[in-house]
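Visitor: The lines below spell out each chain.
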Amino acid sequence: MGSVLCFSWGWGNAFETVYFESKNEIDAQVIDLIDQKGRATVAESNVPAIELIGVSKSFGPVQANKDIDLVVGKGSIHGIIGENGAGKSTLMSILYGFYHADSGTIKIDDKTTTIPDSKSAIAQGIGMVHQHFMLVDPFTVLENVILGAEGGALLKDGVANARRELKRLADEYDMTIDPDAVVGELPVGLQQRVEILKALYRGADILILDEPTGVLTPSEADHLFRILRVLRDQGKTVLLITHKLREIMDVTDTVSVMRRGEMVASRKTAQTSMEELAELMVGRSVLLEVDKPEVEVGKPLLKVEGLNVRDDRGVMRVKDVSFEVRAGEVLGIAGVSGNGQSELLAALSGITRAESGKMELSGESLDLSAAHNAAEMRTKGMSHVPEDRHRMGLVNKFAEYENSILGYHREPKYSKGMFLNKDAIRKEAKERIEKYDIRPPTTEMTAAKFSGGNQQKIVLAREIECNPDVLLIGQPTRGVDIGAIEYIHNRIMDMRAQGKAVLLVSVELEEIRSLSDRIIVMFDGNVVGERGPEATEQDLGLLMAGVNQEAAE
Amino acid sequence: MLDTIILVLDSTFRLSTPLLFACLAGLFSERSGIVDIGLEGKILGAAFAAAAAAYVFQSPWIGLLAGIMVSVMLALVHGYASISQRGNQVVSGVAINFLAAGLTVLLGQAWFSQGGRTPALSPATRFESLTLPFADTLANVPVLGPIYANLISGHNILVYASFAAVPLTWWIIFRTRFGLRLRAVGENPSAADTAGLSVTLLRYRATIICGILCGFSGAYLSVAQGAGFIKDMSAGKGFIALAALIFAKWKPVNAMFTCLLFGFLDALAIRLQGQEIPGIGEVPVQVFQALPYVLTVVLLAGFIGRAIPPKASGIPYVKERT
Numbered sequence: 028m029g030s031v032l033c034f035s036w037g038w039g040n041a042f043e044t045v046y047f048e049s050k051n052e053i054d055a056q057v058i059d060l061i062d063q064k065g066r067a068t069v070a071e072s073n074v075p076a077i078e079l080i081g082v083s084k085s086f087g088p089v090q091a092n093k094d095i096d097l098v099v100g101k102g103s104i105h106g107i108i109g110e111n112g113a114g115k116s117t118l119m120s121i122l123y124g125f126y127h128a129d130s131g132t133i134k135i136d137d138k139t140t141t142i143p144d145s146k147s148a149i150a151q152g153i154g155m156v157h158q159h160f161m162l163v164d165p166f167t168v169l170e171n172v173i174l175g176a177e178g179g180a181l182l183k184d185g186v187a188n189a190r191r192e193l194k195r196l197a198d199e200y201d202m203t204i205d206p207d208a209v210v211g212e213l214p215v216g217l218q219q220r221v222e223i224l225k226a227l228y229r230g231a232d233i234l235i236l237d238e239p240t241g242v243l244t245p246s247e248a249d250h251l252f253r254i255l256r257v258l259r260d261q262g263k264t265v266l267l268i269t270h271k272l273r274e275i276m277d278v279t280d281t282v283s284v285m286r287r288g289e290m291v292a293s294r295k296t297a298q299t300s301m302e303e304l305a306e307l308m309v310g311r312s313v314l315l316e317v318d319k320p321e322v323e324v325g326k327p328l329l330k331v332e333g334l335n336v337r338d339d340r341g342v343m344r345v346k347d348v349s350f351e352v353r354a355g356e357v358l359g360i361a362g363v364s365g366n367g368q369s370e371l372l373a374a375l376s377g378i379t380r381a382e383s384g385k386m387e388l389s390g391e392s393l394d395l396s397a398a399h400n401a402a403e404m405r406t407k408g409m410s411h412v413p414e415d416r417h418r419m420g421l422v423n424k425f426a427e428y429e430n431s432i433l434g435y436h437r438e439p440k441y442s443k444g445m446f447l448n449k450d451a452i453r454k455e456a457k458e459r460i461e462k463y464d465i466r467p468p469t470t471e472m473t474a475a476k477f478s479g480g481n482q483q484k485i486v487l488a489r490e491i492e493c494n495p496d497v498l499l500i501g502q503p504t505r506g507v508d509i510g511a512i513e514y515i516h517n518r519i520m521d522m523r524a525q526g527k528a529v530l531l532v533s534v535e536l537e538e539i540r541s542l543s544d545r546i547i548v549m550f551d552g553n554v555v556g557e558r559g560p561e562a563t564e565q566d567l568g569l570l571m572a573g574v575n576q577e578a579a580e
Numbered sequence: 345m346l347d348t349i350i351l352v353l354d355s356t357f358r359l360s361t362p363l364l365f366a367c368l369a370g371l372f373s374e375r376s377g378i379v380d381i382g383l384e385g386k387i388l389g390a391a392f393a394a395a396a397a398a399y400v401f402q403s404p405w406i407g408l409l410a411g412i413m414v415s416v417m418l419a420l421v422h423g424y425a426s427i428s429q430r431g432n433q434v435v436s437g438v439a440i441n442f443l444a445a446g447l448t449v450l451l452g453q454a455w456f457s458q459g460g461r462t463p464a465l466s467p468a469t470r471f472e473s474l475t476l477p478f479a480d481t482l483a484n485v486p487v488l489g490p491i492y493a494n495l496i497s498g499h500n501i502l503v504y505a506s507f508a509a510v511p512l513t514w515w516i517i518f519r520t521r522f523g524l525r526l527r528a529v530g531e532n533p534s535a536a537d538t539a540g541l542s543v544t545l546l547r548y549r550a551t552i553i554c555g556i557l558c559g560f561s562g563a564y565l566s567v568a569q570g571a572g573f574i575k576d577m578s579a580g581k582g583f584i585a586l587a588a589l590i591f592a593k594w595k596p597v598n599a600m601f602t603c604l605l606f607g608f609l610d611a612l613a614i615r616l617q618g619q620e621i622p623g624i625g626e627v628p629v630q631v632f633q634a635l636p637y638v639l640t641v642v643l644l645a646g647f648i649g650r651a652i653p654p655k656a657s658g659i660p661y662v663k664e665r666t
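Chains as they are written, first to last, in the numbering used here: chain E, 28 to 580; chain D, 345 to 666.
Think of the hints as simulated: they come from the structure by calculation, not from any bench. All values reported here derive from a predicted model rather than from experimental measurement. Fair warning: there could be bad hints in the mix.
[Said to hold, decoys possible] Calculated cross-link-like contacts (lysine to aspartate or glutamate; reagent style EDC-like; alpha-carbon spacing at most 20 Å):
1) E:K330 <-> E:E391
2) D:K655 <-> E:D96
3) E:K326 <-> E:E351
4) D:K663 <-> E:D129
5) D:K593 <-> E:E78
6) E:K295 <-> E:D96
7) E:K93 <-> E:D129
8) E:K440 <-> E:D464
9) D:K595 <-> E:D129
10) E:K407 <-> E:E438
11) D:K663 <-> E:D144
12) E:K476 <-> E:D496
13) E:K138 <-> E:D232
14) D:K655 <-> E:E455
15) D:K655 <-> E:E212
Please model the entire structure based on the sequences and the hints provided.
Guide: What follows is the structure, encoded as structure tokens:
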């Protein structure tokens, strides 16, 4: 479940809008689009399923949604795309009655309505599949589905009925599931299915999906999209929230773009392109390609042999993994989250103890089954940008400058006797803020108040500036806006150019493919295959699902 | 020998009863996500109110009612602090314990001037032992007779009520809509909320049930088992009940067995007071009195395997970040 939690942006998304990078002027074309908003919406049929007029919502001083207009055609798949913190989740939460709009009008089926709570949303035929599932883990599928719609004071009254209805829905939409399985033990793909069934069971006509593919394999995502198309063909309206352009292009009929709390444009999907949408999302043109120069590959700086890691419940999470990373090389580890990547990183960085395995770091051999710690690894020239910056990379309540030395705070240059030399720390933090373009440029604000991209830059600056030989980096761009993604990718390429060894773990295939020199894929703790960066997405996708076609042939 | 065993088991039932009520009270509360350290205070408050009312109105039933009312009121204070105000549930519970410990003695002294006690209750104003049908006739049947006559029969109605509450609790928790929702709220309140349920209302209902059961527990102490209220008469039963709840892994039937175990240890301690133990000699009575607590520590420290509490217990539900 850890993998699901890592995506914990959820309701807090609005906060990211506080300090957004605004270094780039919004070009004239985009301003033109803002002016047209509302009029640029595309009607799918005569009566729209949902119509929002001038919806605004703020959290304290933060305006999460600003005067939003939106028209969603009945029986269509409508995508809403925007960077993290653009206000998509907030808007959907208003539709689902989780938040209350400060102002504005909501129309469902052309009738003005209010949605004071989720109960009312359900009653009006709105169902939502949340980014982190709203499921009760120890409950069975059936119990989760009927919760809140039990059909009688005694469970047995409704259960038989629900079982029948669930089977009908499952057959109709090709969503087979065991109604008596315990939800917490199901893989995330199936948990999501339960969420969708839950909404359909309540008779939802409008289905909102918030970042549904974050936890899915490409093939699971494809299956989801097939389901969504079936739903649409049966007259349901689907609202798909995502920040992934590919999904928008693949499955939606219409797309609306949000940026910094505003609805900046709506387009027919067929009449737009990834480039245009990316530009609308960011407000400037974006390089989706990474510039990867030829670098001479040197000797191996990191060698891992026969690594086995057991988690604290005694489950084998990493099984006999061996690889090496050479100087000037980026080794990408692809895989659906939860297939041992996190445990691998934790063992290599000295955070957890491995069951067995050896690591050679800059020529020195280490037994990973012995106790090590992260500080020791750092002194040996390995630094680590952890997957989950909130849990491991940062102390959210500490100021920026304090975070900028976490783990390096014992170094003489930061100390004055037994005290911290705050002047020196602040001075260095300032230099890094400038060098890494961290916004807003202040050393005093707490880490929690920076946007995701800037938080990641704080961690990155700390781990790169100590000049390591080997850099472990997990999910470098999770929850990071496009502008910062570009920057982070370039920094990783700089490390490569300087002849460092980089081990990159990411669930974003595109990121892995564009940055890595070699790609290994993990599935269920095993390395199931190695490919070059030219490998197709389909090939990698199959590997991520545990199928090695090359080996099979 | 059989007589001794029956005597010990008989008092096991009587000593388990207040624990069992309190443990089931805690079960309802914690299953809904509200940690209740204040069981102890509620039991004490109820014991005092029950004894006082039973004396004044000369009726154990009115005593029970008064005990329940006071306990529910205390539960609502806890509910207000931890549900509506999203306060720290441990702090609120501890506050209730202190409040009850102080207030019972203070009011007792002010009203009855007997050093914080309530006046002794006459048999008619207490819950008296019931003799089950045919107990006397069957008493002479070997083995089963004494068991029926002395062990099963001859308890007051609250003892039977506490054991009847076990299957009832199980049925409510696992077989009714309310139980399903209650468990959902304790595991993942957001899931309940998005399913259109009111987390606040569900948790309040659980808290009130917790109060009612603590009321039974307190009334049992002062109006059934005892004959009046004595300062601090709950003697940590609320805490032992919490420990029992953890052993029981928040399951009603398990709860009954753990409470019986603690009751048994208690009974044994009383029985073995001042007795010679072969090979050891006379063991100080404190050793036996400490036994339930030692067992609690030892078992909690790791002999019961992993006890996973309802995931949201102790965490106030905050819907909107503002």
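Visitor: Now look at each hint and say whether the structure bears it out.
Guide: Comparing the hints with the structure gives:
no., hint, verdict
1, E:K330 <-> E:E391, "holds (10 Å)"
2, D:K655 <-> E:D96, "violated (39 Å)"
3, E:K326 <-> E:E351, "holds (10 Å)"
4, D:K663 <-> E:D129, "holds (17 Å)"
5, D:K593 <-> E:E78, "violated (49 Å)"
6, E:K295 <-> E:D96, "holds (16 Å)"
7, E:K93 <-> E:D129, "holds (10 Å)"
8, E:K440 <-> E:D464, "violated (23 Å)"
9, D:K595 <-> E:D129, "violated (44 Å)"
10, E:K407 <-> E:E438, "holds (14 Å)"
11, D:K663 <-> E:D144, "holds (11 Å)"
12, E:K476 <-> E:D496, "violated (31 Å)"
13, E:K138 <-> E:D232, "holds (15 Å)"
14, D:K655 <-> E:E455, "violated (43 Å)"
15, D:K655 <-> E:E212, "holds (15 Å)"
Comparing the model with each earlier hint shows violations of hints 2, 5, 8, 9, 12 and 14; every other hint is respected.
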